[in-house]
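Can you make the complete structure from the sequences, with help from the hints?
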Amino acid sequence: MTGYTESFTDPSYRGQILVMTYPLVGNYGVPSPQLDEHGIAYFRESDRIHPLGIIVSDYSEEHSHWNAQSSLGQWLRSEQVFGLTGIDTRELAKTLREKGSMKGKIILEGGPDIPFDDPNARNLVAEVSPKEVQVYGNGPKKVVLVDCGAKNNIIRNLIRPEITLYRVPWDYDFNQIDYDGLFLSNGPGDPNMCSITVEHIRKALERKKPICGICMGNQLLAAAAGAKVTKMKYGHRSHNQPVQEVGTTRCYITSQNHGYAVDASTLGPGWRAKYINLNDGTNEGICHETLPYFSAQFHPEACSGPTDTVFIFEEFLQLL
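Take the sequence shown: its position 61, counted from the start at 1, is 61 in the working numbering, and no numbers get skipped.
Just so you know, these hints were derived from the structure itself, not from any lab. Among these hints, one or two may not hold up.
Listed below are the simulated BS3-like cross-link pairs for lysine-lysine, each with C-alpha atoms no more than 27 Å apart in a straight line [what the hints assert, rightly or not]:
1) Lys203 / Lys99
2) Lys208 / Lys141
3) Lys141 / Lys103
4) Lys142 / Lys203
5) Lys209 / Lys142
6) Lys99 / Lys233
7) Lys233 / Lys203
8) Lys208 / Lys142
9) Lys231 / Lys99
10) Lys233 / Lys209
11) Lys231 / Lys94
12) Lys103 / Lys233
Pair by pair, the computed Cβ-Cβ distance ranges are [said to hold, decoys possible]:
13) Glu289 / Met232: 22 to 30 Å
14) Leu24 / Ile107: 22 to 30 Å
15) Gly86 / Ser238: 22 to 30 Å
16) Arg202 / Ser64: 47 to 55 Å
17) Phe82 / Pro23: 37 to 45 Å
18) Arg207 / Ser64: 49 to 57 Å
19) Ser238 / Leu84: 18 to 26 Å
20) Thr266 / Gly86: 41 to 49 Å
Bear in mind the structure is a predicted one, so any value in this text is a computation, not a measurement. Ideal Cβ positions, reconstructed from N, Cα and C, are used throughout, including at glycine.
This is the structure in structure tokens:
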């Protein structure tokens, strides 16, 4: 199984216990934290592990890869993250699939009990968002990335020779920047905690500049457009979610990780659903009928995962 280092460093998993359904994990160790010329890690989606616990069926005590710097166990210990092995994760996944996501805790035998903690009661976006503005590149076109917990691969897809990219905190008033395009990132937790961001987006809608959102970005854009965003009983958490583009016969296999969904029927005038999930019919993206605003609930930058929809970045950049 590959891609666990990217999953563990995905800010969207902040505060969760992550269950790996693939039976064998850890076989290739942990890649080195090598950075590219922009200071972004090649093989990680952020600079730390975000889940509080990792549950696997079979942990590979031996690892082998030319770029491995340590074992998975050593990495978890260095970041003080609990890891459990020997668990029937597929049976556990069935329970989670039938009953929905639930609160959990890891306690030591003979140790004190601890209360359940609900991470969604906290503003997780504020915990993972940067504290100051960061700038990448020096191109003629200015793009603002509202970082609610952006994965490194989103940043990587937006860095272009023709772009100056402003990466701003979740609550930053980006309307003070004379930008050419606005990009809303993914993030953890309840999007309804981000009312400040939604207000800033509402002001941005008046400027009629291109806006694109991914995952939580879809939910925040929808909220700014007047829609309701509610918690799902059965969230989407896999690399094989089928999505159809509304009004066409085009279908894409997408990577998803979200527990909230947009109620497209509550969108304001001029807005419509752009994508729907073929498994349960839930919304997977919205767009404006006449203005350059659109978003996707899935991850076009998936790493690891399918890249069928990576063209969404090009669609956005061509609008600038």
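Here is what the structure says about each hint:
Restraint check for lysine 203 and lysine 99: the C-alpha separation of about 39 Å exceeds 27 Å, so the hint is violated. Proposed proximity of lysine 208 and lysine 141 is supported: the alpha carbons are some 16 Å apart, at most 27 Å. For the given pair, lysine 141 sits about 44 Å from lysine 103 by alpha-carbon distance, which is inconsistent with the 27 Å threshold. The hinted pair formed by lysine 142 and lysine 203 meets the criterion: a straight-line CA distance of about 18 Å does not exceed 27 Å.
Among the hinted pairs, lysine 209 with lysine 142 is consistent with the structure: their alpha-carbon atoms are about 11 Å apart, no more than 27 Å. Under the criterion of a C-alpha separation no larger than 27 Å, the hint pairing lysine 99 with lysine 233 is consistent with the structure, at around 8 Å. A hinted pair counts as satisfied when its Cα atoms are at most 27 Å apart, and lysine 233 with lysine 203 does not qualify at roughly 32 Å. Between lysine 208 and lysine 142 the CA atoms are separated by roughly 15 Å; this keeps the pair inside 27 Å, and the hint holds.
A hinted pair counts as satisfied when its Cα atoms are at most 27 Å apart, and lysine 231 with lysine 99 qualifies at roughly 14 Å. A distance of roughly 35 Å separates the Cα atoms of lysine 233 and lysine 209; the hinted pair therefore is violated under the 27 Å criterion. For the suggested pair lysine 231 and lysine 94, the alpha carbons sit about 20 Å apart, so the restraint of at most 27 Å is met. For the hint linking lysine 103 to lysine 233, the alpha-carbon distance of about 13 Å falls within 27 Å, and the restraint holds.
In this structure the supplied range 22 to 30 Å holds for glutamate 289 paired with methionine 232, their Cβ-Cβ distance being about 26 Å. For the pair leucine 24 and isoleucine 107, the supplied restraint of 22 to 30 Å holds, since their beta-carbon distance comes to about 26 Å. In this structure the supplied range 22 to 30 Å holds for glycine 86 paired with serine 238, their Cβ-Cβ distance being about 23 Å. One distance hint, 47 to 55 Å for the beta-carbon pair arginine 202 and serine 64, holds here, with the actual separation near 52 Å.
With their beta carbons about 20 Å apart, phenylalanine 82 and proline 23 fall outside the hinted range of 37 to 45 Å. Between arginine 207 and serine 64 the beta carbon distance is about 52 Å. The supplied range of 49 to 57 Å therefore holds. The hinted range of 18 to 26 Å is satisfied by serine 238 and leucine 84, whose Cβ atoms lie roughly 21 Å apart. For the hinted restraint 41 to 49 Å between threonine 266 and glycine 86, the CB-CB distance of approximately 45 Å keeps it satisfied.
This entry does not satisfy hints 1, 3, 7, 10 and 17, going by the numbered hints stated previously.
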